[in-house]
Structures are given as structure tokens and as C-alpha cells.
Amino acid sequence: MADYSWPIAGSRTTIGTDVTRIDTPLKVTGRAAYTTDVQAPGMLYAVTVGCPYAHAKIISIDTSAAEKVPGCKAVTVIQKPGTEIFWAGDDVVAVAAVDELSAQLAAKAVKVQYSELPHLVLDASPHPPDGFAQPMKPEVQGDPDGAFAKAAAVVQATYSMPVITHCCLEPHGSVVAWRSGALDVHISTQSVSGIVTQMSKALGVPASKIRVRAEFEGGGFGAKLAADRWGLAAAQLSKLAGGLPVRLIVNRRTEQETGGCRPSAYGTIKLSADAKGNLTGWESETWGTGGVTGGADFPVPYLFNVPNQRKQHTTIINNIGSARSMRAPRQPQACLLTMCALEDLAAKLGMDPLDLVLANIALTGPRAKIYQEEFSVAAKAMDWTKRWHPRGKGSAGPIRQGLGLSFHTWAGTAHPAACSLTINSDGSVAVSAGTQDIGTGTRTVMAIIAAETFGLQVGDIEIQVGDSSLSSSAGSGGSGTVGGMGSATRRAAVDALQALFAKIAPALHADPSKLKAAGGKVTDGQSTVTWKQACAAIGALPITARGVNPGAGALNDSGVGGVQMADVSVDVETGVVSINRLVAVQDCGLIINRKATLSQCYGALIMGVGYALFEEKIMDQNLGRMLNPNVEFYRLCGIGDIGTLEVHLMSGKGYDERGIVGCGEPPVISPGAAISNAVANAIGVRVPSLPLTPDRVLAALGVPS
Amino acid sequence: MDLGPGPVSIQLNVNNQAQSINCEPCLTLLQVLREKLGLTGAKQVCDRATCGACTVLVNGKRVYSCSILAIDAQDAKIETVESLAPDGTLDALQQAFVAADASQCGYCTPGFIMSATAFLADNPSPTKEDIRKGMCGNLCRCGTYAGIEEALLSMSKTPKTSAMATEGRKRG
Ligand code: FES
Ligand code: FES
Chain A
0 MADYSWPIAG
10 SRTTIGTDVT
20 RIDTPLKVTG
30 RAAYTTDVQA
40 PGMLYAVTVG
50 CPYAHAKIIS
60 IDTSAAEKVP
70 GCKAVTVIQK
80 PGTEIFWAGD
90 DVVAVAAVDE
100 LSAQLAAKAV
110 KVQYSELPHL
120 VLDASPHPPD
130 GFAQPMKPEV
140 QGDPDGAFAK
150 AAAVVQATYS
160 MPVITHCCLE
170 PHGSVVAWRS
180 GALDVHISTQ
190 SVSGIVTQMS
200 KALGVPASKI
210 RVRAEFEGGG
220 FGAKLAADRW
230 GLAAAQLSKL
240 AGGLPVRLIV
250 NRRTEQETGG
260 CRPSAYGTIK
270 LSADAKGNLT
280 GWESETWGTG
290 GVTGGADFPV
300 PYLFNVPNQR
310 KQHTTIINNI
320 GSARSMRAPR
330 QPQACLLTMC
340 ALEDLAAKLG
350 MDPLDLVLAN
360 IALTGPRAKI
370 YQEEFSVAAK
380 AMDWTKRWHP
390 RGKGSAGPIR
400 QGLGLSFHTW
410 AGTAHPAACS
420 LTINSDGSVA
430 VSAGTQDIGT
440 GTRTVMAIIA
450 AETFGLQVGD
460 IEIQVGDSSL
470 SSSAGSGGSG
480 TVGGMGSATR
490 RAAVDALQAL
500 FAKIAPALHA
510 DPSKLKAAGG
520 KVTDGQSTVT
530 WKQACAAIGA
540 LPITARGVNP
550 GAGALNDSGV
560 GGVQMADVSV
570 DVETGVVSIN
580 RLVAVQDCGL
590 IINRKATLSQ
600 CYGALIMGVG
610 YALFEEKIMD
620 QNLGRMLNPN
630 VEFYRLCGIG
640 DIGTLEVHLM
650 SGKGYDERGI
660 VGCGEPPVIS
670 PGAAISNAVA
680 NAIGVRVPSL
690 PLTPDRVLAA
700 LGVPS
Chain B
0 MDLGPGPVSI
10 QLNVNNQAQS
20 INCEPCLTLL
30 QVLREKLGLT
40 GAKQVCDRAT
50 CGACTVLVNG
60 KRVYSCSILA
70 IDAQDAKIET
80 VESLAPDGTL
90 DALQQAFVAA
100 DASQCGYCTP
110 GFIMSATAFL
120 ADNPSPTKED
130 IRKGMCGNLC
140 RCGTYAGIEE
150 ALLSMSKTPK
160 TSAMATEGRK
170 RG
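Read top to bottom, the protein sequences are chains A and B. Letter 164 of the first sequence, counting from 1, is numbered 163 in numbering that gives the first Met the number 0, and no numbers are missing. Letter 96 of the second sequence, counting from 1, is numbered 95 in numbering that gives the first Met the number 0, and no numbers are missing.
If you're looking for bench data, these hints aren't it; they were derived computationally from the structure. By construction, the Cβ of each residue, glycine as well, lies at the ideal position given by its N, Cα and C atoms. Mixed in with the good hints there might be a few duds.
Unchecked claim - With a Cα cut of at most 25 Å, we get these calculated SDA-like pairs of lysine to any residue:
| no. | chain 1 | residue 1 | chain 2 | residue 2 |
| --- | --- | --- | --- | --- |
| 1 | B | K35 | A | D570 |
| 2 | B | K132 | A | T421 |
| 3 | A | K107 | B | L2 |
| 4 | A | K594 | B | T126 |
| 5 | B | K76 | B | A48 |
| 6 | B | K127 | A | D382 |
| 7 | A | K594 | B | Q94 |
| 8 | A | K392 | A | V575 |
| 9 | B | K127 | A | V68 |
| 10 | B | K60 | B | P4 |
| 11 | B | K127 | A | G70 |
| 12 | A | K107 | B | K60 |
| 13 | B | K132 | A | I398 |
| 14 | B | K132 | A | P328 |
| 15 | A | K107 | B | Q94 |
| 16 | B | K35 | A | R580 |
| 17 | B | K35 | A | I398 |
As the list claims (entries may be wrong) - Just a sample of chain A residues kept apart from chain B, beta carbon distances all over 10 Å, derived:
| no. | residue |
| --- | --- |
| 18 | A108 |
| 19 | K149 |
| 20 | A429 |
| 21 | T439 |
| 22 | A516 |
| 23 | L597 |
| 24 | R657 |
So that you can see chain B by itself, here it is in the shape it has in the complex (with noise of 0.2 Å):
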């Protein structure tokens, strides 16, 4: 594999397209994607594997794509945010977090969504719990997380009752 110094060629398969970039070795996934491929989904907040907004998936898995190297991703199924909806029509997750208002400013919601897409596909029946553990690897500063848990209720294949409260609904 060529390191450089200068610019290399990586192959990359993001969203089940074959794409050939060239650039410096030291970009992350994240840059490539953004700078380079034009995906601004996946935000870039904390930059050091803390806050999820660069979440995108990896073979199926949650990686936070600010913290691994495109040049380290060549092989590698890469789906981001954009893959969910391609004509615009959102899939059932992206619908719940809707209805629930699990967004606000929504800078972190991208991050969220391919977090909890991953997450659901390896606990389709979360309980509360579950969410809490499952789903800590994500950071949001508005505060939308009561919408979010609600979402991923909804979203199980044994529907359970939220935890959300207010005048009879209770979140949280």
C-alpha cells in the first residue's frame, strides 16, 4: 500500500458504489467522506471517538469515522446516512424519529440515526435499558434523547410502553 508522503489512491465501496479518491494518507473517513465524496451527513464535532456525529456503519458495525483512516476502510462495506433514503422516502427508523421530534438543532441526528439503525439490527426488541447501554456512544446538546429512546420503542418488534410522561406521557 502506498503512505505517501503526497497524495494516494484509495478505493473505497461507500453506499454500495465503487469510489477511487486520491488524496493525502492521513485524511480520516470522515474528511474523505465530507471533503472528498460530498457526503455531509456525518458531522465532525469532537473529532477524538466521543460524541457519535461522525457515526457510519462498517461491514453492518457503528464507527466513528472521524477516528479511523479512509486508507484503513478500503476493504470495507461503508454505508452512510445517505444510503437510508435514496429517493427521499425514509425508512421506518428516520420515520419514528420524526413522529417522536427526536431532533432538534439536528447536528446530531445523522450521527444518531446510523447509530440506532446498527444497534436495532442487533437488538430488535430493546428494552429501556437496552437503549440507555446501546445507545450512550452518541452525545446530543439539545437534549432530544427522551424523543430518541421514544423512537427506538417504538420501533420494537415487541412494542413496549414508553417511559415518557407528560400530562399521561412520561419520557425518560
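The shape of chain A in the complex, shown without the other chains (with noise of 0.2 Å):
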């Protein structure tokens, strides 16, 4: 059987280098087309008529108007009278016109009779009225109360983060053509081979007849799995219109307030230790809403498994709009309300959070060993030992210094992918999969490993990604496509070489399994020739091989750690935060590019600077609505808002024998908890609840607003 493990350390030329991104120069000077810059001949425009209540009913729904409005091609109605709303914003009817102003005035057109009926799109509360909760079961372990009753110390407060839109720069949308009973469908996704599926089902299209691209993507961060509505409500519209391809791509508004949303987070946590700081016991009543959908419990205590526990969890499921996933789901919820808790142990203990969490870390299980190698290279890069003050015993004065830690772990398992790989005979190489690249660095990483194998630089493999049409492969979530999509690459590089070894053999009269290709050469050791000679030998078909990702094994594994510390400053005065610096150490298997994998943990970092200090999705219960539903008071981190990013990466030996761990997800679990832990470190008191605002800074100070 053909040997497909990775190259041994020492002996890899690509893999774990830094390598360039193979499409950036597509994106630097705008020639990568995005679903939004698809123009298609003949295309229409398509608007939707959203619900302006936060939860009702169709009565009636008139579009005779809209028929009749110039320009206007087809109206659909999505939801029909008698169904229930349950968000303010989701679609119910949707038109295509020859051009955007006329459809929005079809749409204008359209009238839409409602019967309101009580919402809730509040979560502060974990009893809200009726309906709108699904408390669970409490879960008992050991017992909590004798815990507490023998504790040296014991803290209990109440924490929180809100729910967070995924503020996709490029908002969902697709442009659809549905003619002689095939759909050709550009769209927004991070899902390629699964979107030819959900229409097929949702539309009674055979899947063969169903061609889903999408070349490039901007950005999709978990929100952009599905069809939804919107493809669907397309695809109708370009049936109605004769097969004549539709654009509907959503606004601003809708994406924010509909295209994505992260569940809160709501935790009253009470957590005690003994003289020595080991942890005895937590209990929790946590909330949270992701909408109607639920999706929003999260596991606590947060990797720790204390050994006397007692928790109950409840769903508010409210009307918001839906959860989505979103990078690393349910675990920055769990995160923020774990670390926060132990720190505040920490400080009523005396005691230095980084002692208290290494005295614990036997109850973090199998990966115990790791998060204490993370911890020692994470506090030298801090020289957290010297820097470290007691919680607001820092510089007097308006601005106040502190650190915060914080550590997490993600499965990152690899997915379902395979690829189709080609060597030709003037020596061309080309891997194809129906996988997707969302800048996460997918066609790289196909081509590195490729290369690699085949002993050639990246620049001579083409990728060809984004195209249903290609070997299916799994949605890009979960950081599992870099570890579907490589272990795939590998065995049908391996699997290409042996045969094409096999073909070229006899004329160099070497035996097939002493040839090796390395350098752009062939060779037994004996007798030598170039990459492209050797394929010349290939004749008139070229050698394709199949790859597929065999599941868990030699190839690729599940489960990494990150350990991340902040420094920060608070201006007491004003409240206002700034990053001074975040430190980030990630496991993350064997690396393919060191580069790419890099740019992940920065923005990872960067995201998370966003959802500690600025993001939130704030909802008007008298409205029903999102307030600011735009990206100028739903606000991103900036480039001035980062502070100084360092990341430490663990690899070489006892990392990189485990194969590939995917890591685009985990290093956004921890910036939430090791920020509000430094500020708490500065100004010597919690500000309980995310976005670390200005204001929210000062209540907890006491000032006065």
C-alpha cells in the first residue's frame, strides 16, 4: 500500500513554510469576482419585502401593485398568508425588475397585511414571560453545597456578552438562473457541494442538474452555510421570469439584522476553592438567546471540570432573528464565563490568576500538558512574572495597566473532501475540488501539499476550487477544511506519483519504488531527469488520480489548545480600553502554511478585539428591531483599535506528528476573556458585562453617569 504519511520534519521543502497566498494578487487588484460582481446577460434584480414586526401573522399579501409597476419581471411570494413571523425583517415576498430602483419600487408596491402578535427581543432576564423560555434540566455533580460550605473563597457574580452579528463584508445573496430545468447558481457560501443539495431538495431540481460557484467569497465566518431563503426565493424568480438569471443580494440592513447573529451569553456563577487554590465547586444559571432557534447553551465550567458542580442552563428563545454559527460556536460564551469567574477567585484568593489556573490544570484533562507549555511560552512573550500586579494595584493615576489571560481548545476536525488531481504530460499538474477557498488560504494549501509531494514549486500547481461540479467536498466550519482538503491532496498526490513512477520506470530502467521526485527532478539515485521529462513519458492521457480524506488517522486529528494574555490600559476617566498587547500561543498540529496560519490567529485576535470592546446588536423592544442595523453603529475593530499582536505558533516535535488540526476558530475564544481579566486587573473592579464600553467602564467604577 502506497506510504501517504507526511514528510518527516527535516525532509519537507513547502509544507510549514511561509508560502504566499496563490490568489492574493486576484484580490489586490479587483479581478476576483465575487458572487456581488457576478453581470450575467439579461439579469434582474431582486428586492425583498421584509416583515416589520418582530412577531406576527399574514393576514393577506397583495401584489397585483407590484405586477404592474415598469420594469418589473416576477414577484414570489416566499411565506404565504396564515404563516406565523418571527422576526422583524424576514422575508415574505421577493421581485425581480430590469434594474435595482425598479425593483425596489415593485417592491414598495407590494402590501402586506399583518396581525401582531407580543414579542420579546430582550435576553437580560433568565424568567421572561411565558413562551419564551426552555429552562433545562439542572445537572448535579458531586456536591456543590458542601463545597461552598468548606471553601477559603467563594465568588459569585453575574457576566455577560451579547448577541454579535457576523457582519459579513460581503453581504448573502446569489444570482440564479433556472432554465430547461437546470439551476446555475452563483452564491455567497461557504458551502459549495452542500448548497446543490439543500436546493435540490427545497426546489425538487435533480441534484445532477444543479451547478452551485462560488470563486470567491467574502466572508462568511459560520453565517453563510445554508441556501436560505433568499437562493431560493432567486431561483423562483428566475423560473417566473422565463429563466432569465436573478441577482438578490441582500442590503446592509437585512445582513445585519437577519444574515447572522451569535447567541448572548448570561452567566450568575458561583465558584469557590480551598486555601491552596484548588477549585471545589461552581454552580451557574446561565441564559442566553440565539432567536427562535435555540443554539445558545454553552458548555461551563468552560474546560475545567470542577469536581462539584451544579448548573442549569435556559434557552430564551426570543425574535431576533435566528442563531447562525459563528467561528468557534458556544465556546467564547463559555469562555468569557469561566475565566471571568476564575479571576475574580483569583483576586479574592491573593493569588495570581496564572498560579491559580496551573494549580487546576489537572482538571482540564488530556490536554493538560499542552496548555502548560502554552502557558510558560505565552507568560515569557508577556513577561507576565514581572508585569503581573495585584487586581488594581497597578500605576495610580487616570490610566491604569493591566493583564488578563485567558486559554481554550477547538476539535478542528478534519471534513469530508475529496479532489481530483492531474499530472499531464508536459508536465502541467492540476488539483481540482468542489471545496471552497474563503480566505482562509484553502487553494494554497492544495497546492503546497501537491508540491511538495511532487518535489515542485506552488506556482506550478493549478487549483481550481468553488465549483459544485467538482469532487464534492464539506462545508468550510469547524476548521476542518485545511485538514479534509489536505489529507485529499496528499493521498492523490501519492497516488499520481506512484503511477506515474510505474509509467516511466522501464525507460529509465529503475525499479518504480526506488524513484523519488524532489528538486523538479526525477531520480533512482542512478539515472536522473527533469520533472517535465519524466512526464513526457506519460503519453497521450494524462495520469488523474482520486483523493479522498480518509477520516481520522495518520493524516490528520482533532483537538487543539491556546493560551492567550492581554495587556491593556483603561483610561479611568473616560472609560475608554485600548489594547496594549495580545499575546496568542496556538497548538495547532502540523502546519501547512505557516503564513496563512498566522493571518487566522491575527484576525482571529482582531475579532476578538471587536466583540470585547465594540460589537453588539442592539435590539428596541418598542420596535421590535435592531437599532443599528449598519456598520457604522454596529462597530468593527479598526486598524487603530489593535494594539501589538504576537503569536506563537507550537509545532515541531509532539505537534506536527499528529497531521493536521484545523485552527482558523480557536484563537477567537480566549480575546473576550483575557481582555475583560486585564481590565479587571487595571481598574480593580469587573465590568460584568461585553462590549467593554466607555460607559459600562464607568458604572463599574461607580461614576456617575
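Join the two chains, each given in its own frame, into one complex according to the hints.
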């Protein structure tokens, strides 16, 4: 059997190095074509009509006036009279017209009557009115009351983080043509192959007649795994318009209001330790909302299996839009609630939180040793031992500096993936797959692995992705794409190389099992030919090989750990928090592209600063709507907000042998907790809720507003 | 000037080419560039002068093309990202972006490139602080700021050490 295992350390030429992405030139020139850039002949523009109420029943829909608007070509009812609507902005009707203005006029002419129903868009109480809460059964382990009674220190507090939105810069949308029984779909998605099945089921079109493309995608973060009402409506409108392509791209308001929502998390946490700092008891009442779809539970206590526990969670079912998975779903929430309580306990015990964490590291289970190693790297980078001061005991004066820490885990399991690889007789190599590159560097990873296997340069490999007519691969979620596509590419490349060796061995009078490809040459140690010369022997039919990720095993693994430390300054007169420095130490198995791995870590830290300091989906209970459905008042992290970022990747012996483990998500888990802890350390009191805005900081300091 | 109602004739100078467009006078410069001229490098994201994804140069200055009307840009010299590498050869700034991995999904990237082009023309040797102030009109959701800063520092006429650190390299 062929040996697919990764080349061992020291023999790798390309894997694990800093490789420049192969598709950035298209992005810096504006030539990368996203879904929003697709312009098809005869294309119609679609606009949707959303429900203005957070909870309502549709009584009647009258589209007759809309149909008469000049330029209007099709009107489709997405949700029929009698349907209950659960969030404001949910789509009821879609219209398509020759241009956007006409489509907007037609949408305005649609008349929908609703009867309003009681709604809830807030989530601050775990006991909302009937019907809006789903309490889960309490869970008990050991004797928490006994632990609290015997404890040397007990802390109790409520912490929270609000619903945030994915805020993809490219909004959700598609351009769909439904002609001659076939669907041609361009859609901004992170699941090219998956959309085929979804649309086939929903529209009754055979999957074999659906082609989905997403060559480039302007951000997903978990929000773009489905065809959505928008994709299906575009298809219906195209059918009604005789097969003309229909472009349905949602506007910014819709994107912010309904295109993505990460569940909130609240928790009243009680945590105890004995005099040595050993954690003894955990009690939590937690709640959160992911809208009507749930998904707002999270695993507390995070990482630490505290011996005695009582916990109860309530899912708030309210009318804010439905939750979509967002970069490491459920983890940032659990992490914040746990790590803040831990830091508060350390403060009460008069301990350095790093000592408290390390004293309890065995409670984290099998990753304990890795966390320990990572904490020592992070502490050195931050100069923690020298620079840490007891809570609130830093410099006097209006600017207070503080340090905080947090850590996290994530599976990063390789997902199902397949690719097709071709070696042509002119020496050119192509790899293709129905996967997608959502900005994470999938194309480059595939090229690196093929280049490594063949002893070629990354630029010698042609990569095609983003098209469902290629080998089906899973959606980009769970950080599984590098592991999945990487493993599939490696297997295809090894098989293709064996086939090449078998073909050329006779001409070289060589034993095929002795042949090696390296440095652009093929050799058995005696005779050597260039890669091109070797491939010339292939003949008329190119060598093709299919590679499939066989699942967990030699090529990939699950489970990574990461540690982060934050250094912040807080102006206690204005309440403004600024990041001085963030240190992230991340383990991710075998690194394929160091440069892109670092980019993912930096990006996650920056997204982390965003949700720690700025981001919040602000809902108004009277209106039932989001008050900041834009990028102006839904504030993203800017270039001036990031401080200095420092990333250390744990690689080499003890890490590489595990094969690939995805790490696009895990570094986004800890920043909220680490930054909140650093702020508490700086100012001497806990700011209980993210984002850590000036008003919240001043309120925590007792400054009257 | 004919202000409608109905389509009016608009004359634009885009990337050194004279363009005559017949369109509604309410269209923004961004809409005209993207939909009438097929120049889709500039993107529409916030549509209200916050994110910079639509940045183009008007008489050499950075402008949010979502927030001016095409009809108001008639006497100006308009440059879009498409003007920078007409034959596919990247200019120095574009190369610096590629080398510093200053792009992930890339949706914000053309806006950053145009913004940085004008920024560097005014600040040929920017410091980290200059970059953080001068480039704050563009937003990136993927968080590529560290790479962008590195790219701009590498363009500096008086080279400065980047503030980026990863095992010896610090970013930001
Ligand atoms: S789209 Fe113009 S500034 Fe955001
Ligand atoms: S690279 Fe994705 S928004 Fe900037």
C-alpha cells in the first residue's frame, strides 16, 4: 500500500514554510469575482419585502400593484398568508425587475397585512414571560453545597456578552438562473457542494442538474452554510421570469438584522476554592438567546471539570432573528463566563490567576500538558511574572494598565473532502475540488501539498475550487477544510506519483519503488530526469488520481489548545479601554502554510478585540427591531484598535506528528475573557458585560453617568 | 445640467478614459462604476461612508464612491483599482500586500489598496502611528490590519522595522 504519511520534519521543503497565497494577486487588482460582481446578460435585480414586526401572522398579501410597476418581471410569495413570522425583517415577498430602482419600486408596491403578536427581543432576564424560555434540567455532580460550605474563598457574580452579528462584508446573496430544468447558481457561500443538495431538496430539481459556484466569497464566519430563503427566492423568480438570471443580494440592513447572529450568554456563576487554590465547587444559572432557533447553550464550566457542580441553563426563545453558527460556536461564551469567574476568585484569594490556573490544570484533562507548555511560552512573551500586579494595584493616575489571561480548546476535525489531481504529459499539474476558499487559504494549502509531494514549486500547481461540478467536499465549518482538503490532496498526489513512477521506470531502467521526486527532478539515485522529461513519458492520456480524506488517522487529528494573554490600558476618567498587546499561543498540529496560519490567528485576535470592546446587536423592545443594522453604529474593530499582536505557533516535535488540525476558529475564543480580565486587573473592579464600552467601564467604577 | 426625472447623460473620466453613460441621476458613482462600466473592484458594503470598501480616487484624493453621485463626479479624474495593474503586472503596493498576506477573503482589499495608494502619496515614509490614523477609514472583517500595516511599512521610503512579532515577528 502506498505510504501517504506526511514527510517527516527536516525533509519537508514547502509544508510548514511561509508561503504567499496564490490568489492574492486577483484580490489586490480587483479581478477576483465575488457573487456580487457577477453580471449575466439579461440579469434581473431582486429585492425582498421583509416583515416590519418582530412577531406577527401574515393576514393577506396583495402583489397586483407590484406586478404592474414598469420593469417588474416576477413576483414570488416566500411566506404565505397564515404563516407566523418570528423576527423583524424576515422575508415575505421577493420581486425581480430590470434594474434595482424598479425592483425597489415594485417591492414598495407590495401590500402585506399582518396581525401583530406579542414579541420579546431582549434577553437580560432568565425568566421572561411565558413561552419565551426553555429551561433545561439542572445538572448536579458531587456535592456543591458541601464544597461552598468548606471553601476558603467563594465568589459569585453575573457576567454576560450580547448577541453579535457576523457582519460579513459581502452580504448574503446569489445570482441564479433556472432554465431548461437546470439551475445555474452563483452564491456567496462557504458550502459549495452542500448548496446543491439543499436546493435540490427545496426546489425539486435533480441534484445532477444544479451547478453551484463561489469562486471567491467575501466572508462567512459560519453564517453562509445555507441556501437561505434568499437563494431559493432567486431561483423561483428566475423560473417565473422565463429563466433570466436573477440577482438577489441582501442590503446591509438585512445582512446585519437577519444575516447572522451569534447567541448571547449570561451567567450567574458561583465558584469556590480551598486555601491552596484548588477549585472545589461550581454553580451556575446561565441563559442566552439565539432567537427562535435555540443554539444558545454552551459548555460550562469551560475546560475545568470542577469536582462539585450544579448548573442550570435556560434558552431564551425570542424574536431577534435566528442564530447562525459563528467562528467556534458556543466556546467564546463558555470561556468568558468561566475565565472571568476564575480571575475573580484569584483576586479574592490574593493569588496570581496564572498560579490559580496552573494549580488546577489537571482538571482540564488530556490537554493539560499542552496548556502548561503554552502558558510558559505566553508568560515569557508577556513577561507575566514580572509585570503582573494584584488587581487594581498598578499605577495610580488616570491611565491604568492591567494583564489578563484565558485559554481554550477546539476540535478542528478534518471534514469529508475529495479532490481530483491530474499530471499532464507537459508536466503541468492541476488539482480541483468542490470545496471553497473563503479567505482561509484553501487553494494555497492544496498547492503546497501537491508541490511538496512532487518536488515542485507552489506556482507550478494549478488549483480550481468553488464549483460544485468538481469533487464534492464538505462546507467550510469547524476549521475542517485544511485537514480535509489537505489529506485528500496528499493521497491523490501520492497515488498519481506512484502511477507516474510505474510509467517511467522502464525507460529509466529503474525500480519504481526506488524512484523519488524532488527539486524538480525524478531520480532513483542512478539516473535522473527532470520532472518535465519524466512526464513526457505519460503519453496521450494524463494521469489522474482521486484523493479522499479517509477520516481521522495518520494525516489529521482533532483537538487543539490555545492560551492568550492581554495587556490593556484603561482611562478611568473616560472609560476608554485600549489594547496594548495581545499574546496568543496556539497549537494546531502539522502546519501546512505558516503564513496563512498566522493570518488566521491575527484575524481571530482582531475579531476578538471587536467583540470584547465594540460589537453588540442592539435591540429595541418597542420597535422589535435592531437599532444599529449598519456598519456605523455596529462598530467593527479598526486598524487603530489592535495594539500589538504576537502569535506563537506550537510546532515541531510532539505537535507535527499529529497531522493537520484546523485552527481558523480557536484563537477567537479567548480574547473576550483575556481582555475582560485585563481590564479588571487594571481598574480593580469587574466590568461584568461585554462589550467593554466606556459607559460600562465608568458604571463599574461607580462614576455617576 | 439635466437632473431628470428619467435617465440623463453623464460624462465621466475613469482611468483616463472618457465614458458617456445614460442613467438615472440618483445613481452613486459606485453604482455607475460597478453596474454601467463593469468596474467591480470597488465593493458596496456599508453604503454610507463608513467602511471604505468602495474607495476610489477622485482627483487623487480618496473618496467613498458610495457616497457621491456619479453626476457630481463629472469634471473629475477618477481612478479605480483596475487602473493600477492594467496589463496584470502588480504595482509595488499590490506586491507588498501579497507579500505581507494583507488579504484574507479579499472583499475589503481593493478599497484598502486605493486608500493606501493615496495615503502613501501624501505620506511616503509613514510610521506605524501615521498608518493607524491615516488608514482608519477602511474596515476589514477578516482582521488583516496587521498585514496591511506591514505592507505599508515595507513601502516606506525610509524603511522602518515592522512592529510585527511571531517568534521574533511582531504585528500591529
Ligand atoms: S460602501 Fe462606501 S464606505 Fe462603505
Ligand atoms: S479580507 Fe475579508 S474583509 Fe478584509
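Evaluated hints:
no.: 1; hint: B:K35 to A:D570; verdict: 49 Å, violated
no.: 2; hint: B:K132 to A:T421; verdict: 49 Å, violated
no.: 3; hint: A:K107 to B:L2; verdict: 24 Å, holds
no.: 4; hint: A:K594 to B:T126; verdict: 24 Å, holds
no.: 5; hint: B:K76 to B:A48; verdict: 20 Å, holds
no.: 6; hint: B:K127 to A:D382; verdict: 24 Å, holds
no.: 7; hint: A:K594 to B:Q94; verdict: 16 Å, holds
no.: 8; hint: A:K392 to A:V575; verdict: 19 Å, holds
no.: 9; hint: B:K127 to A:V68; verdict: 54 Å, violated
no.: 10; hint: B:K60 to B:P4; verdict: 31 Å, violated
no.: 11; hint: B:K127 to A:G70; verdict: 51 Å, violated
no.: 12; hint: A:K107 to B:K60; verdict: 37 Å, violated
no.: 13; hint: B:K132 to A:I398; verdict: 21 Å, holds
no.: 14; hint: B:K132 to A:P328; verdict: 33 Å, violated
no.: 15; hint: A:K107 to B:Q94; verdict: 46 Å, violated
no.: 16; hint: B:K35 to A:R580; verdict: 46 Å, violated
no.: 17; hint: B:K35 to A:I398; verdict: 52 Å, violated
no.: 18; hint: A108; verdict: 18 Å, holds
no.: 19; hint: K149; verdict: 45 Å, holds
no.: 20; hint: A429; verdict: 21 Å, holds
no.: 21; hint: T439; verdict: 7 Å, violated
no.: 22; hint: A516; verdict: 28 Å, holds
no.: 23; hint: L597; verdict: 5 Å, violated
no.: 24; hint: R657; verdict: 20 Å, holds
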